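K.L.:
Order-wise, the sequence lines are chains F and X.
The first sequence begins at 1 in the numbering used here and counts up one residue at a time.
The second sequence begins at 1 in the numbering used here and counts up one residue at a time.
Source of the hints: derived by calculation from the structure; they are not laboratory data.
Note that this is a predicted model, so its numbers are computed, not measured.
Be aware that a few hints might be false.
[As the list claims (entries may be wrong)] Capping the alpha-carbon separation at 30 Å, the derived lysine-lysine pairs in DSS-like fashion look like this: (1) K61/F with K108/F; (2) K52/X with K73/X; (3) K258/F with K52/X; (4) K61/F with K92/F; (5) K92/F with K108/F; (6) K298/F with K61/X; (7) K122/F with K150/F; (8) K307/F with K275/F; (9) K275/F with K72/F; (10) K278/F with K122/F; (11) K258/F with K298/F; (12) K150/F with K92/F; (13) K108/F with K186/F; (14) K258/F with K275/F; (15) K108/F with K150/F; (16) K162/X with K275/F; (17) K162/X with K150/F; (18) K122/F with K275/F; (19) K162/X with K298/F; (20) K278/F with K258/F; (21) K72/F with K186/F; (22) K61/F with K122/F; (23) K162/X with K278/F; (24) K122/F with K92/F; (25) K61/X with K307/F; (26) K108/F with K122/F; (27) K122/F with K162/X; (28) K72/F with K278/F; (29) K258/F with K61/X; (30) K162/X with K186/F.
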Amino acid sequence: MNVDQVVSIVISKAAGVVSRLGFGIPLIWGTNGAFTAGTCRSYSSIEAVLVDFADTTIEYKEALAMFSQNPKPPTIKIGKYTDIDGDYTALKLVDNDFYFVINCSRVKADILALAAVVETDKKLHFAVTMDADVPTGTAGNVALTLSAAKRDRTVLFYTPSEQYQDGAWIGKCAPQDPGSITWMFKQVSGILPDSLNDTVITNLTAAHCNFYSSTAGINMFANGVVASGEFIDIIHGTDWLQVNMQADIFQALVDSPKIPMTDAGGDALYNIINKRLKLAIGQGILTNDPAPIISIPKVANIADADKAVRFFRGVEFSATYAGAVHKVSIVGSLEI
Amino acid sequence: MKSTDWTLIENGLQAWAVAAASLNTNKVIWANENGTRPAPDYVSLNVISFLKVGSRDDIRKVDDVYYVSGIRKFTLSVQSYGPGSLGVIQSIQDSLEIPELLNNLQDLDLSVVNIPSIINVSKTLDTQIEKQYSMDIIFSVAQNIEITMSDISGVAIEGTLKSNTTGNRTVDIDIESIEEEN
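The following block holds chain F by itself, in its conformation from the complex (with noise of 0.2 Å):
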């Protein structure tokens, strides 16, 4: 008997939002696989993931670039759909466990529908475009469409040379912690650059798309943001902070004997709440200066109609992001 047989827990209205044990799982999303579309299977090693793949199909190189990487995701995920956005949502009853998105279609249509679906969801979208449309900046393609929508979900990455820089990427950041490290400058492993002219970089920059070339001698993806042009470790960071604290309290909720209906009660909110805020401090995704502010409401201002069905609502903080350095300006003056 497993605990769930035992208990069964629903949170209502938190159900969109993945798990704890699911946050950092990269779902590599295609067509091929000999199982159910709207399902996924987990993997663990290349060679798992080479059972159930021929190693000439896409999901098979998307995971070997993952699996190539050091450090690498314990466990990835691939999933298998007939209808890219429909069976998505199938996919998120059976198994919400994943956060990482990784789109094994190139073609604009499917693109632009798993970005649309993924928008409301608290994952990361990756998606790859080999259009020649796009490095051109020619109006309606497929980076300047996501960006006009302001996609803070999905990820372009453009490239001329099909080389799963996608999955490599998500495999080198995936295991570490959000926070800590920015998603541009990174190196990867088994990826040559692209060679990109800087018209095409300008193109791609306006057009909120990241690609992976050299500068300087040095190979490395840029630009590390989302199509609204936010940068990635924004989001990574600010979905860490939801669903860990949520996980906290939720958690605290389980097992407390009980959390009375007090201001000690609201305490102890304020030092989950505080705790999880100082995690993420000394992660990198905030700063402590200013320091977050946290307000919870006395229980004799909360609501009657609140209080009646136990909930305790008005908690509310703040917070500054820390953000990262990407450009260096110095100005320097030599003297004879």
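Since the structure of chain F is provided, determine the placement of chain X on it from the hints.
P.N.:
Chain X alone, transformed into the frame defined by chain F:
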């Protein structure tokens, strides 16, 4: 929160003293009430100490109501004044052996812990001696408190994450209900 009704206990103690001393009701007063002294003979009552027995009270919970029960000991100082004050206070002392009067106290969850000694504390008042006798009776009482207190089953948190460069973002956590099913 509902706790022990001390007004009821005080009224019960006064009624007991009135019956025991065979005085009129206005001849048994509570000390330190800024009232006029009755004409002798009269008695004053005063709770001069209050002690919690044991380190923790017993707590049990039924639904959202916590029942906290514990034993308290308090000292009732009885002072009698006037020419007949010794007889008055002796009557009160003797009443501690009379089942009928003790039953009235037990109805208030009070029990007598000691049979006290009487002390002569007569003093000079102006140019005359005022007769005054004193005794301290220790009572124990069951302290019962009812506290209606529910648990927190849901929490709403709204967080604002500020950025000078990329704009603010919000973190909304809304754990609305937890249902447990066997």
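K.L.:
Tell me, which hint numbers fail for this structure?
P.N.:
Per hint list: zero violations.
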